[in-house]
Amino acid sequence: MSVLTLQESGGYVSFDEDQCKEAGQSLATRYREASPFPHIAIDDFVDAAVLRRLLAEFPGSDGRDYFDREQERLKFQYHPGSVEGALVKNLLAELNSEAFLSFLEEMTGIGGLIPDPYYLGGGLHETKRGGHLGVHADFNIHNRMKLVRRLNLLIYLNDDWSPDYGGELELWDRAMTKCEVKVAPLMARAVVFNTDLDSFHGHPDPLSCPPERSRRSIATYYYTATEEGIANLPNRTTVFRKRPGTAEKRDMKVAMRHFVADWTPPALRRAFSKKA
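Heads up: the sequence shown begins at 47 in the working numbering, then just goes up one per residue.
Be aware that one or more of the hints could be misleading.
Calculated cross-link-like contacts (lysine-lysine; reagent style DSS-like; alpha-carbon spacing at most 30 Å) [as the list claims (entries may be wrong)]:
(1) K67 <-> K121
(2) K295 <-> K121
(3) K224 <-> K295
(4) K121 <-> K192
(5) K174 <-> K121
(6) K135 <-> K174
(7) K67 <-> K174
(8) K228 <-> K174
(9) K67 <-> K228
(10) K174 <-> K295
(11) K135 <-> K295
(12) K121 <-> K135
(13) K135 <-> K224
(14) K174 <-> K288
(15) K174 <-> K224
(16) K121 <-> K288
(17) K224 <-> K121
(18) K288 <-> K228
(19) K67 <-> K192
(20) K135 <-> K67
Because the hints were derived from the structure by calculation, they are not lab data.
Make a model of the complete structure from these sequences and hints.
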């Protein structure tokens, strides 16, 4: 039985707000006391049969752009607007609904959560064999909505995923000295975690799944408004970090961008951004 039930009516699936609140309350202590930062992995989060129906609508990757650099390789992101399937759009809408926000707020203790109707970086994700996503902390400001990023939700879509395939989500301590948690990307397993400037996570080792397989997930992100606005907050893009004892390279382009943002006057920042 799943933690949250998707009720179907007239071909549309939806969450029940009372059930969402109750489930969130029951998981609150586990979430808030987790290390290295508040997080939770939940098995059987929603009905796997619904997710398997969604997989039938999963887009093909042919001809699509993907990330292919040192820090992230063979990773595809599919915005909901580029996906034709009705169930994909339905479920993503429900993950942004008032009922689901009540689940997140009760569990995390973060009030006033705001979903992202633009799905900046969200939607459906897929990483192919040999691909990886380096350990990183996510961007913290939604510049279009002028909001602060607070939570990530991932729901995995991988049946019969062998440990030999790799692809475990790693959560690293805030000093980037060790990996504290590994989560296998198994079907219907969800992960929720706080997104601070030092919430380091990723799946940094290349996938070794068969060529016809890939690591698939749903990703949605949640934000809050601040009374003072975002003007006085550091504005960070995704920051990749080198794991100790590896030959991984630092993302110097991003490091320079942050240095310029923090230490140069506005006029020089504008000049730098034009050259970049």
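Quick rundown of the hints versus the structure:
no.	hint	verdict
1	K67 <-> K121	violated, 34 Å
2	K295 <-> K121	holds, 18 Å
3	K224 <-> K295	holds, 17 Å
4	K121 <-> K192	holds, 27 Å
5	K174 <-> K121	holds, 7 Å
6	K135 <-> K174	holds, 23 Å
7	K67 <-> K174	violated, 36 Å
8	K228 <-> K174	holds, 20 Å
9	K67 <-> K228	holds, 27 Å
10	K174 <-> K295	holds, 21 Å
11	K135 <-> K295	violated, 37 Å
12	K121 <-> K135	holds, 21 Å
13	K135 <-> K224	violated, 38 Å
14	K174 <-> K288	holds, 22 Å
15	K174 <-> K224	holds, 26 Å
16	K121 <-> K288	holds, 19 Å
17	K224 <-> K121	holds, 24 Å
18	K288 <-> K228	holds, 17 Å
19	K67 <-> K192	holds, 27 Å
20	K135 <-> K67	holds, 23 Å
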